[in-house]
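Peer 1: Sequence:
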Amino acid sequence: MWIEKKDKSKFLDSKMQGLRIKYSLKPDIELKNYTSGFIKWLRFQYFFPIRCNIVIKPCPYFITGNDNKTRSHGDFYYYDDPIKKVPSIWISSGEYYTSKEDSKFKQIKEILFTIAHELTHYFQWYFYEFDNRTDRSLEIEANRWAWHLVNDFLIYYQKP
Numbered sequence: 000m001w002i003e004k005k006d007k008s009k010f011l012d013s014k015m016q017g018l019r020i021k022y023s024l025k026p027d028i029e030l031k032n033y034t035s036g037f038i039k040w041l042r043f044q045y046f047f048p049i050r051c052n053i054v055i056k057p058c059p060y061f062i063t064g065n066d067n068k069t070r071s072h073g074d075f076y077y078y079d080d081p082i083k084k085v086p087s088i089w090i091s092s093g094e095y096y097t098s099k100e101d102s103k104f105k106q107i108k109e110i111l112f113t114i115a116h117e118l119t120h121y122f123q124w125y126f127y128e129f130d131n132r133t134d135r136s137l138e139i140e141a142n143r144w145a146w147h148l149v150n151d152f153l154i155y156y157q158k159p
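Under numbering that gives the first Met the number 0, the first residue of the sequence shown carries the number 0, and numbering increases by one thereafter.
Take these hints with a grain of salt, some might be off.
Claimed, not checked - Distance condition first, Cα-Cα at most 30 Å in a straight line; then the derived DSBU-like pairs of lysine-lysine:
| # | residue 1 | residue 2 |
| --- | --- | --- |
| 1 | K99 | K25 |
| 2 | K31 | K99 |
| 3 | K31 | K108 |
| 4 | K105 | K56 |
| 5 | K5 | K31 |
| 6 | K39 | K103 |
Source of the hints: derived by calculation from the structure; they are not laboratory data.
Please take these sequences and the hints and turn them into a complete structure.
Peer 2: Right under this line is the structure:
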């Protein structure tokens, strides 16, 4: 599903490529180190054929859906015209800023999971999977990729 760097030459269909991360407010240094490190690692491993901007907001969740009650920790947005607008991902910091020091790493893992989950939706969008599959199968695939990527990154990141 994700495009490995070695296959980059097959997918050069946009002038604006890559993955960017932004913070709506100045983040905690530990959170920034992990999220920026994760993005750098992903860019080293995978190719993003159409630029995607990730924005981290210091809020516990987003309200989504028509009922204004559904809570989400991340949202993937895309536009019908990728030339004028690039896809974006909004990630909430969850309970990171309100959690105790001993549970901050758990919150960081959840944020990394949400980033990877939403990036899987980016690739599903890129390959037109939204029209061909059920929401459930898309979510299952996004969760599997997210766990796989976060675990691989943490093994890589925590090497001496």
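Peer 1: Which of the listed hints are not met by the structure?
Peer 2: As far as the earlier hints go, not one is violated by this structure.
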